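Chain residues, written in single-letter form:
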Amino acid sequence: MVSTKKVVLHFPREAAERPVVCELALRFGLTFNILRASISPHHEGLMVLEIIGENAKNEEGLKYLQEKGVEIQPLSQDIKKNDQLCIDCGSCLGVCPTTALYMDKASYQVKFEESKCIACELCVLACPTRAMEALF
Amino acid sequence: MSSALRSYQEINEKIKKGKAVVVTAEEIIELIDKNGIEKTAREVDVVTTGTFGAMCSSGAMINIGHTKPRMKISEAYLNGVMAYGGLAAVDLYIGATQVAKDDPLNKIYPGEFKYGGGHVIQDLVSGKDILLEAYGYGTDDYPRKKLLTWINIKDLNQAYLFNPRNAYQNYNVAVNCSDKIIYTYLGVLLPHLGNAGFSSAGQLSPLLNDPYYRVIGVGTKIFLGGGVGYVAWQGTQHDPSVERNDKGIPRGGAGTLAVIGDMKGMDPNWLWGLSIRGYGCSLAVGLGVPIPILDEETLQYCAVRDQDIEAPIIDYSNAYPNGTGEILGYVNYAELRSGKIYHAGKEIPTSPISSYSRAREICSILKKWIQNGDFTLTQPTFVLPSTDSGVRFRNLAERPYNNTNGVRR
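Residue numbers (my numbering), protein chains in the order written: chain A, 1 to 136; chain B, 1 to 409.
These are computed hints drawn from the structure, not numbers from a lab.
What you are looking at is a predicted structure, and each value in this text was computed from that prediction instead of being measured.
Any given hint could turn out to be false.
Unchecked claim - Here are some, though not all, of the chain A residues that point toward chain B, as calculated from beta-carbon distances under 8 Å:
1) Leu-26
2) Gly-29
3) Gln-109
4) Pro-128
What the hints assert, rightly or not - If you anchor each label on the Cβ, the simulated ranges turn out as follows:
5) Gln-307/B x Ile-34/A: 35 to 45 Å
6) Leu-135/A x Asp-262/B: 32 to 42 Å
7) Glu-114/A x Pro-321/B: 34 to 44 Å
Unchecked claim - So, partial list: chain A residues that the calculated Cβ filter (under 8 Å) puts toward chain B:
8) Met-1
9) Val-2
10) Cys-89
11) Met-103
12) Ser-107
13) Cys-120
14) Glu-121
15) Leu-122
16) Ala-126
Even for Gly, the Cβ is constructed at its ideal location relative to N, Cα and C.
Construct the entire structure; sequences and hints are all you get.
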């Protein structure tokens, strides 16, 4: 079965030197979409990736990355909405490119659908009460 | 003018007996749709309105009590945020947008503005201890020069909000026509009309339910920050002269309220310190105003709905900062609240900034207070200047100082 998975890759210094992500396509036939990346030689790096492919291949690909020293985290763990701090103003709505943050039309409260989030962090910039937090 | 249906006294007697008929600014719309103006006006005594959003022109007046020996404070900081001390000895005023003295501001752009006056006000109302650092120059009667102490709202002689400009009647819709992201008090604005920020509770907003200021005036008792407050004066920049549509609704920012209220009765849930990226600190204020249905005309104005309220679209990358006055077009609040507007052939997602759900909650709380007999209405000493007053907002006509046309003082 084909599935889509969003993951955050943390590259230690050593792993940032080598081309590893391209191997997902070459070795495992996976399609991927780089949602954001910040990787430079000699520095720790970070990449948010959407991987599309057969379930089994997906697993193998991620295992390969781990063997190469890349730490992997599901994306949904990285952007958090703290409901205690949210005042439902909606400052985050217009900047959210995927409508992961949306206004519930009945309650007019701001809701967060984590699976749609691509961790662009625009909401973190836009939130005046710092209810949106990036845990990278 | 339609004939009077009831007086403030009659309404208050019903409130005290627990018999007043109170509905929110949202409920009244349905009721009028169902029963018409005439019948509804006979039945309903009070309509409650509300708004919750960033209101930069807000601040708190506090009196900390005298020290021994006495001190005339000329410079003061509350949790590191400067408070104005140019008043009597131990009176201080802390403004919502004052930023902590060690904040890097926009030197690291866009600045985070993590803590400021709005946060101090929220912390004070929360009952948290606040660190006061104060200096005086020393006089014969006020010799003390330095003070470093914790203070707490419960020990203050007075702590009251005194907000020079709240509850703006309508407001701009901000967009960004430039090719780079900009940071404004109406939010983060993405380039090429990437999104639009707006800030009004629309059909729930107090002054949009009384567009000609027929019932809201100096002395009107209100919901303020979760406690009780009063309208103190017309707000700064109050401008009744703004162009109006055929329903009497101003097509842009118009009337404003200066409000006052005892912070000791307030709730931090309705006063939130804000950190607006790249812009600065502010305070989100919860404010609700009861509107007495004195006659049919008062009710007619409470029938206002989002689609009747239009707001100007303004480019905050150029027209606003440079004050060109250029308006790109108008949209109404039903469109704005739908989540997207259309301009120049583009679909533009919207960000409300002002919380509709919380405005709605304020309307309901105020309704409950009145229904329970806890909150009676006050008749204003006088109403705010309206369209016939000649009051209008002016920009500054600069008269540059050139050192030849006067003595420098």
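Taking the hints in turn, this is what the structure says about them:
1. The closest approach between the C-beta of Leu-26/A and any C-beta of chain B is roughly 36 Å, which is over the 8 Å cut-off, so the hint fails.
2. Checking Gly-29/A against chain B by beta carbon gives a least distance of about 36 Å; that is not within 8 Å, so the hint is violated.
3. Among the interface hints, the one on Gln-109/A holds; its C-beta lies about 5 Å from the nearest C-beta in chain B, closer than the 8 Å criterion.
4. Of the supplied interface hints, the one on Pro-128/A holds, with its beta-carbon coming within about 4 Å of a beta-carbon of chain B, less than 8 Å.
5. Between Gln-307/B and Ile-34/A the CB atoms are about 43 Å apart, so this pair conforms to the stated range of 35 to 45 Å.
6. Checked against the given bound of 32 to 42 Å, the beta carbons of Leu-135/A and Asp-262/B, roughly 40 Å apart, stay inside it.
7. Checked against the hint of 34 to 44 Å, the C-beta distance between Glu-114/A and Pro-321/B comes to roughly 37 Å, which is consistent with it.
8. The closest approach between the C-beta of Met-1/A and any C-beta of chain B is roughly 33 Å, which is over the 8 Å cut-off, so the hint fails.
9. Annotation: interface hint on Val-2/A violated; nearest CB of chain B at approximately 30 Å, more than 8 Å.
10. A hinted interface residue such as Cys-89/A counts as satisfied when its beta carbon comes closer than 8 Å to some beta carbon of chain B; here the least separation is about 5 Å, so the hint holds.
11. For Met-103/A, the interface hint holds, since its Cβ comes within 8 Å of a Cβ in chain B; the closest pair sits about 6 Å apart.
12. With a cut of 8 Å, the hint placing Ser-107/A at the interface with chain B holds, because the nearest CB-to-CB distance is about 6 Å.
13. Of the supplied interface hints, the one on Cys-120/A is violated, with its beta-carbon coming no nearer than about 11 Å to a beta-carbon of chain B, more than 8 Å.
14. Taking 8 Å as the C-beta contact cut-off toward chain B, the hint placing Glu-121/A at the interface is violated, the least distance being around 11 Å.
15. For Leu-122/A, the shortest C-beta to C-beta distance to chain B is roughly 7 Å, which falls under 8 Å, so the interface hint holds.
16. The closest approach between the C-beta of Ala-126/A and any C-beta of chain B is roughly 4 Å, which is under the 8 Å cut-off, so the hint is satisfied.
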